[in-house]
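A.B. asks: Here are the chains, one letter per residue:
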Amino acid sequence: MNFFTMCILVAGFGMALGTLGTGLGQGMAVKSAVEGVSRNPGASGKILTTMMIGLAMIESLAIYALVVCLIILFANPYAKLAEELAKAVAK
Amino acid sequence: MIHPLMILEYFRKFLSSLHISGECVDAILYTWMIILCLLVLSVLATKSVKTIPDGLQNFMEAIIGGIENMIVETMGEEGRPFFPLIATLAIFVLVSNLSGLIPGFYPPTANINTTAACAVVVFITTHIVGIKQHGFGYVKHFMGPIIWLAPVIFFIEVIGHLSRPVSLTLRLFGNMNGHELVLMIFFGLAPFLVPLPMIIMGVLVSFIQAFVFMLLAMIYIQGSLEHAH
Numbered sequence: 001m002n003f004f005t006m007c008i009l010v011a012g013f014g015m016a017l018g019t020l021g022t023g024l025g026q027g028m029a030v031k032s033a034v035e036g037v038s039r040n041p042g043a044s045g046k047i048l049t050t051m052m053i054g055l056a057m058i059e060s061l062a063i064y065a066l067v068v069c070l071i072i073l074f075a076n077p078y079a080k081l082a083e084e085l086a087k088a089v090a091k
Numbered sequence: 001m002i003h004p005l006m007i008l009e010y011f012r013k014f015l016s017s018l019h020i021s022g023e024c025v026d027a028i029l030y031t032w033m034i035i036l037c038l039l040v041l042s043v044l045a046t047k048s049v050k051t052i053p054d055g056l057q058n059f060m061e062a063i064i065g066g067i068e069n070m071i072v073e074t075m076g077e078e079g080r081p082f083f084p085l086i087a088t089l090a091i092f093v094l095v096s097n098l099s100g101l102i103p104g105f106y107p108p109t110a111n112i113n114t115t116a117a118c119a120v121v122v123f124i125t126t127h128i129v130g131i132k133q134h135g136f137g138y139v140k141h142f143m144g145p146i147i148w149l150a151p152v153i154f155f156i157e158v159i160g161h162l163s164r165p166v167s168l169t170l171r172l173f174g175n176m177n178g179h180e181l182v183l184m185i186f187f188g189l190a191p192f193l194v195p196l197p198m199i200i201m202g203v204l205v206s207f208i209q210a211f212v213f214m215l216l217a218m219i220y221i222q223g224s225l226e227h228a229h
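Protein sequences, first through last, are from chains H and L.
No gaps in the numbering here: position 57 of the first sequence is 57 in my numbering, and each next residue is one more.
No gaps in the numbering here: position 120 of the second sequence is 120 in my numbering, and each next residue is one more.
In isolation and in its complexed conformation, chain L is listed as follows (with noise of 0.2 Å):
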């Protein structure tokens, strides 16, 4: 993708060194983008904290307040500590997936690095919350109910673990690369109003795909932080 802002052909130039492709810069450097946006928002909400909030203040903490439901709803009270962890990669992504609506801009999340970055994120940390919960015990999670099938069931076990973070990396590359594909292909075929329904599909899957990837993410710490049975 070649983008009319000049700051990308210039940062292109700049990571030229690394060896990286020209996709991957450029869901790099909006990646970065996002980040810093984030940043400036937080700052700007936090600056003048007031008991009754307003404007951006409001915003912000209607945000939080539904995501810090949604954790203790599913994962229960011992859930919270890991409210920074999920909050992030949920607004994260969701600002990676809507930033494809602005005009120049092309998803991070459509690049399969960004996704596969996220989900390592959280394969990493259910497995340490898994070790640090339960100890050396954390090994009865693999071993299933009969102690003689352990050694078939662990097998399984380990493949459905490592298929965690490639289905997580998979369903949200696939299915904003694959929007935003759709929306090329129409503007190919008629730029003039045709690629509007797409648009407004992809806005909704932008929400729903952010919502399942904290959703997914939150079952899996809890599923390393519950005993097994």
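Isolated chain H, as found in the complex (with noise of 0.2 Å):
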């Protein structure tokens, strides 16, 4: 397979792999924040910035698969060695 195709590849399974966990855990993250403020709404406040910053900590994540994904498609630092390395096996 080709490099490029590999990068491509590998960005985008890495993409879905990295929001699959990040959204089940956003997930339980907010039918516990929904199930608390159905209980007691009173509280609504509280928990809705504690469940921000917990939301924004699993976030996180996600964003840094973006990120390597990004730095994979866009920035990567072994394009210009592939592409010697493809040009020296085509001689």
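Read the hints as simulated data drawn from the structure, not as lab findings.
Treat the hints with care, since some could be wrong.
What the hints assert, rightly or not - Calculated pairs, SDA-like style, for lysine to any residue (alpha carbon to alpha carbon, straight line, at most 25 Å):
id: 1; chain 1: H; residue 1: Lys46; chain 2: L; residue 2: Gly65
id: 2; chain 1: L; residue 1: Lys47; chain 2: L; residue 2: Thr31
id: 3; chain 1: L; residue 1: Lys50; chain 2: L; residue 2: Ala87
id: 4; chain 1: H; residue 1: Lys46; chain 2: L; residue 2: Pro195
id: 5; chain 1: H; residue 1: Lys46; chain 2: L; residue 2: Met75
id: 6; chain 1: H; residue 1: Lys31; chain 2: L; residue 2: Ile219
id: 7; chain 1: H; residue 1: Lys46; chain 2: L; residue 2: Val203
id: 8; chain 1: H; residue 1: Lys80; chain 2: L; residue 2: Leu181
id: 9; chain 1: L; residue 1: Lys132; chain 2: L; residue 2: Arg80
id: 10; chain 1: H; residue 1: Lys46; chain 2: L; residue 2: Leu89
id: 11; chain 1: H; residue 1: Lys46; chain 2: L; residue 2: Asn69
id: 12; chain 1: H; residue 1: Lys46; chain 2: L; residue 2: Glu68
id: 13; chain 1: H; residue 1: Lys46; chain 2: L; residue 2: Leu215
id: 14; chain 1: H; residue 1: Lys46; chain 2: L; residue 2: Val72
id: 15; chain 1: H; residue 1: Lys46; chain 2: L; residue 2: Glu226
id: 16; chain 1: L; residue 1: Lys132; chain 2: L; residue 2: Gln222
id: 17; chain 1: H; residue 1: Lys31; chain 2: L; residue 2: Gly22
id: 18; chain 1: H; residue 1: Lys31; chain 2: L; residue 2: Thr74
id: 19; chain 1: H; residue 1: Lys46; chain 2: L; residue 2: Lys47
id: 20; chain 1: H; residue 1: Lys46; chain 2: L; residue 2: Lys50
id: 21; chain 1: H; residue 1: Lys31; chain 2: L; residue 2: Phe211
id: 22; chain 1: H; residue 1: Lys46; chain 2: L; residue 2: Leu216
id: 23; chain 1: H; residue 1: Lys46; chain 2: L; residue 2: Ile219
id: 24; chain 1: H; residue 1: Lys31; chain 2: L; residue 2: Leu85
id: 25; chain 1: H; residue 1: Lys46; chain 2: L; residue 2: Ile63
id: 26; chain 1: H; residue 1: Lys46; chain 2: L; residue 2: Leu85
id: 27; chain 1: H; residue 1: Lys31; chain 2: L; residue 2: Leu204
id: 28; chain 1: H; residue 1: Lys80; chain 2: L; residue 2: Leu89
id: 29; chain 1: H; residue 1: Lys31; chain 2: H; residue 2: Gly12
id: 30; chain 1: H; residue 1: Lys46; chain 2: L; residue 2: Leu204
id: 31; chain 1: H; residue 1: Lys80; chain 2: L; residue 2: Gly22
id: 32; chain 1: H; residue 1: Lys46; chain 2: L; residue 2: Thr74
Put the complex together from the two separate chains, hints included.
C.D. replies: Rendered as structure tokens:
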């Protein structure tokens, strides 16, 4: 397989796997927060703040995956090396 | 990004001797524009302060009052001295995020250098506040509860503290840049009406990310204010 084809495949699958766990985690956090608010609507302000912090922390995992995928796609450090290698093989 | 604004080309030529890449020059220019707008707005709002506010003063007072309430709620009364820093960060980040909605503008927070600058300010502030509050006893924050575990805990704590600016930077940058990328891809696919839902979601993301940035800055500063346990 071509190096760049692999890069695109890896970026897609990496993002998919990265968001899978994050989505599950955020869903659980929001579920608990909604349960808490429905039991005690008076505490909704505090629960919202805490939930936001938690969500931000969980979300940063998906953002890390996104940044890594962006690096693989747009700022790949090995792109030049792979290109030279491909040229040398073609010769 | 190449924009129809003529001032941008001129600015790029102006800064070309500093060897800054084109995107970064754009981010710097937009940052300065936003700073200028906010300065003019605040001067206009406080030009004639009245006891019964109206118009612009009313609007600004609502924003400032909301942020102040949030600081007192999260940090308590000792958080009041940090109100200028946190409110500035919040308003700057919010306006930068929302400036992506203006045609021809690119949010400066979608550039990693802007977000890194904001995050480093928060990072340095937390440690200065900690040293000011506790003196040499600030080391206790890094020691953990048990003294003979301190050598192990110390490195974990240092890594934890170093990861804070990284996560602050990457969260804001990733959200804003990802949103802009998605918008660009949608525009490429179907420029009519299809990107609209993403734009609406972008407004939501802008508000939430500004809120989260402010909240995390408050919590980090509060963490170095309180005593180690």
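A.B. asks: Tell me the numbers of any earlier hints that the structure contravenes, in ascending order.
C.D. replies: Hint check: 4, 17, 19, 20, 24, 28 and 29 fail, others pass.
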